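Q: Here's the letter readout for the chains.
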Amino acid sequence: MKNLIALVPLLPLIGFLVNGLGRKHLSKGLVGAIGSGTVLGSFLISLYIFFKGPLSATPVRYFDFIQAGSLHIPFAFQVDQLSSLFLLIITGVGFLIHVYSTAYMHEEKREHFGRYFAYLNLFVFSMLLLVMGSNFVIMFIGWEGVGLCSYLLIGYWFKNIDYTKAAKKAFVMNRIGDLGFLLAVFWIIAKTGSVDFGTVFANVGKLTSADITGITLLLFLGATGKSAQIPLYTWLPDAMAGPTPVSALIHAATMVTAGIYMIARSNALFAHADVTNTVIAIIGAATALLAATIALRQNDIKKVLAYSTVSQLGYMFLALGCGAYSAAVFHVMTHAFFKALLFLGSGSVIHAVSGQQDIRFMGGLKGKLKITYLTFFIGCLAIAGIPPFSGFFSKDAILLSAFEHDKFLYVIGLLTAALTAFYMFRLLFITFNGSFRGTEEQRHHIHESPAAMTIPLFVLAVLSIIGGFVGVPDVFLHGGERLGAFLSPVIPEAHHEIAHNTEMLLMGLTTIIAIGAIVFAWIRYRNYKEEQNGSFGRLLQNKWYVDELYDSVIVRPVNRLGAVSQKYFERSGIDFLVNGVGRLVNYGGRQLRWMQSGQVGSYVLLMVISMVLFFVLQFFLRK
Amino acid sequence: MDIRYYLFLSLALFVIGIMGVLTRRNAIIVFMCIELMLNAVNLLLVAFSKMHHLAAGAGASTVGSEGQLFVFFIMVVAAAEVSVGLAIIVMLYRNTHSVDVNFLNRLKH
Amino acid sequence: MGITQLLFWILAIASLFSALMVVTSKNPVYSVIWLIITFFTISGHYVLLNAQFLAIVNIIVYAGAIMVLFLFVIMLMNLSKETEPQKNKWLRLIGALAGGCLMLVLVAALKDTAGKDAELGTGSIGLIQNLGSVLFHDYVVPFEISSILFLSAMVGAVVIGKKEERTGPREGNRQLVEDAKESMGV
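Which chain is which? The protein sequence lines are A, B and C, in order. Each residue of the first sequence is one higher than the one before, counting from 1 in the numbering used here. Each residue of the second sequence is one higher than the one before, counting from 1001 in the numbering used here. Each residue of the third sequence is one higher than the one before, counting from 2001 in the numbering used here.
Looking at chain A on its own, in the form it has when it is part of the complex (with noise of 0.2 Å):
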């Protein structure tokens, strides 16, 4: 059993390796194999694993990561229900998107091909590593591995100098959020003396609340850079220049939900920390609405879909912060697969109109992708929160726990519900209905993709459907919330005092806002035309101007101190000194050249001379 869960991040390892190393080598149908046959391999192991396995806490080692003085950081992996279900998403997902990606990326050439399922298998075995960790400090090298993929592969067209930069900025406000991990850390091993999850959580009672409370908000700042909440969301929407694939794996079903893994993970931690819980809920209602709010009015399909998953991320975080972790991770696994499946859909679509990706130039799509739309069509559906979707079930149970715990937050989780329908399906009826407005040659081009792109779809289409059944209610079922119980040995079973009719009422509501934002959406852009925005519209379409706002309050000033430093602590400081060392050997070197002159006689004198002086100074120090 050790080996075999050893084999599960391994086997990406090797993949990369072996696609890395030898990307200008093998074929691309040899290197697709490669990439998503490791991924399968994982797959099939962490099914096994699932099934068969004993999951427990208990850290299964390997070696001494690092040993100084009384600290001890195993090498060591822990199985458990939490982690073997993000097991299962990530490299059930991966799969998927690894063959999808086979066909979509068909036209790279043939080392970028290699390089690209290159960095994808290394994000698999770097996200492995993070939820299989059985340590803040093996969970950090997964977090960090996941980071550098994702700057990797959102600047995998790095001819293109847009998205160098948006590379750049994912990279640097997931290092602040790292920052924050790390602190957060420190601070652990400085008070309790290990990093180990089992030894940190059994020892909370020992902890002082200002600890606690440092403690958790320092890891929320390290999920708010990973999992993309006010206010270092910005980089998401911007991680889109990545290929689409990408976007599905990385940036909506697996790497953006660490942060909610890690603190499902810890919550043992934040069980005890009121303030911080409530700073999550409200951080996380407040991006799931500004975040819903900014996707009503972008025409780029990706950009759509990226806020939506800033949006559905803050309703992740809104659970957590109400102590909902089942919730939230149950979300973050319905989310996995209606947003890859949405992603990809629309990866889909971008290869059918050869590239384009704004939305005002697709329309009527329908008829000649029709694998496409009806797969797009069920993940709207799941999104918007149809029952008996996948979306629904996740959604009402996050929704449940705010309204349990603070009606306020409960309110803006409907709104964000209400707009998340309408967004999505205005998406689905700009892009599928009315009539085509793109130029004639694409409209020549429009073709359904190949099985490699559309079985994907399928599968993930299915799940989407019937992902939620994992988790239906009480209400619905006797003997529900499947899910909350399967993962009780880790998280502590969240119990409803809650009226089943209230429930009922509740789910009604939110089930009939939901299909009124869809029938207003149908009304408003069943025929879409060109429309004219307010001011309102502008704002939104503009992103509430927080990357301006960034911007000049933060970049621009920071730009101006490093030119302000640059020109008098590095020109006249640094390199003053740096040069002058230089200068000084230079001019001693040429002030002594006259001894080197080649001439044996020369250095004979010089070594008669030495001696000379050697023997006197004896005499000096002798007397």
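By construction, these hints were calculated from the structure, which means they are not laboratory data. Worth double-checking, as some hints may not be accurate.
Said to hold, decoys possible - Below, a sample of chain B positions facing chain A; criterion: calculated Cβ distance under 7 Å:
{"hint": "1", "residue": "1018"}
{"hint": "2", "residue": "1022"}
{"hint": "3", "residue": "1054"}
{"hint": "4", "residue": "1101"}
{"hint": "5", "residue": "1102"}
To be verified - Derived DEER-like restraints, expressed as beta-carbon distance ranges:
{"hint": "6", "chain 1": "A", "residue 1": "610", "chain 2": "C", "residue 2": "2132", "range": "38 to 44 Å"}
{"hint": "7", "chain 1": "A", "residue 1": "22", "chain 2": "B", "residue 2": "1077", "range": "45 to 51 Å"}
{"hint": "8", "chain 1": "A", "residue 1": "610", "chain 2": "C", "residue 2": "2029", "range": "32 to 38 Å"}
{"hint": "9", "chain 1": "B", "residue 1": "1041", "chain 2": "C", "residue 2": "2122", "range": "21 to 27 Å"}
{"hint": "10", "chain 1": "B", "residue 1": "1041", "chain 2": "A", "residue 2": "609", "range": "18 to 24 Å"}
{"hint": "11", "chain 1": "A", "residue 1": "588", "chain 2": "C", "residue 2": "2143", "range": "47 to 53 Å"}
{"hint": "12", "chain 1": "B", "residue 1": "1041", "chain 2": "C", "residue 2": "2104", "range": "29 to 35 Å"}
{"hint": "13", "chain 1": "C", "residue 1": "2156", "chain 2": "A", "residue 2": "591", "range": "36 to 42 Å"}
{"hint": "14", "chain 1": "A", "residue 1": "591", "chain 2": "C", "residue 2": "2060", "range": "48 to 54 Å"}
Just so you know, these numbers come straight off a predicted model, no measurement behind them. For each residue, glycine too, the CB sits at the ideal point set by N, CA and C.
Assemble the complex: chain A is given as a structure, and chains B and C must be docked to it using the hints.
A: Relative to chain A, chains B and C alone:
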């Protein structure tokens, strides 16, 4: 005989050798001066060996013979050195038609 | 003053004088001959110290073999004329001065040493029998190693001294020498 006489005698020979190295430009003469210095040291070694033998008393028959053996080995090394050194000088002369050590400043480059 | 002391002083003065002549002779051939004389006087010192083996070896190896080698080389190169270009006068002065300083310092350093005696004319350690037994008992390995040293020196000398494929001095080198001579103002 007082050892200091030998000391000063070989010192003087040694310094004469050094002066020769410092003042002459003919590579062969420089080389001979080095031989002279070696011999000065040899002389001192033999003198010391006899001094030690005397100091050790009559019973110790081989005390001090190491010094003389050392001289023997120095002679061996010197002979080897001379053969190689002279070969170098011959080659130098063949290439430059001169044995002036000042032309040997290619060490600089 | 006994006969040995007298002999010591005579030999000392002779060796110093001949050593000085080695350094000061203009003609290399004279230098070689003065050096041979120096070696003879040093061998005389060895005899006085009753180190007969070394005395003989000194004459055979140094005066006989090595110095003849020197003579050969000098005569082969036809250097017997007084063609040596003089060093800069100041440099010569500085060289002599530095040597003198070294002498002075060393004498000053050594003049207060305890004056032990070295035995003259007696003692048997310098005899070939004693030296041979010590050499082949205790110093066999260094002795063998020195034979390897000889062999390698021989090979080295042959390799270095071998004429290259092209006969005569190489043009490039000669040019370099000419340049150097010019730049030195010779």
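Q: Please go over all the hints and tell whether each is borne out by the structure.
A: Do the hints match the structure? See the list:
1. This hint holds: residue 1018/B has a C-beta 6 Å from the nearest C-beta of chain A, less than the 7 Å allowed.
2. Evaluation of the residue 1022/B hint against chain A yields a held restraint, the C-beta minimum of about 6 Å falling below 7 Å.
3. Evaluation of the residue 1054/B hint against chain A yields a violated restraint, the C-beta minimum of about 29 Å exceeding 7 Å.
4. Taking 7 Å as the C-beta cut-off, the interface hint given for residue 1101/B holds, the closest approach to chain A being about 5 Å.
5. A hinted interface residue such as residue 1102/B counts as satisfied when its beta carbon comes closer than 7 Å to some beta carbon of chain A; here the least separation is about 5 Å, so the hint holds.
6. In this structure the hint that residue 610/A and residue 2132/C lie 38 to 44 Å apart at CB holds, the actual value being about 41 Å.
7. Taking 45 to 51 Å as the suggested C-beta distance range, the pair residue 22/A and residue 1077/B does not conform, at roughly 59 Å.
8. Between residue 610/A and residue 2029/C the C-beta distance comes to about 34 Å, which sits within the given range of 32 to 38 Å.
9. Taking the beta carbon of each, residue 1041/B and residue 2122/C are about 24 Å apart, inside 21 to 27 Å as hinted.
10. The hinted range of 18 to 24 Å is satisfied by residue 1041/B and residue 609/A, whose Cβ atoms lie roughly 21 Å apart.
11. Range check, residue 588/A to residue 2143/C: about 49 Å between beta-carbon atoms, so the 47 to 53 Å window is met.
12. A hinted range of 29 to 35 Å for the beta carbons of residue 1041/B and residue 2104/C is inconsistent with their spacing of about 19 Å.
13. Range check, residue 2156/C to residue 591/A: about 39 Å between beta-carbon atoms, so the 36 to 42 Å window is met.
14. At roughly 52 Å, the beta carbons of residue 591/A and residue 2060/C sit within the given window of 48 to 54 Å.
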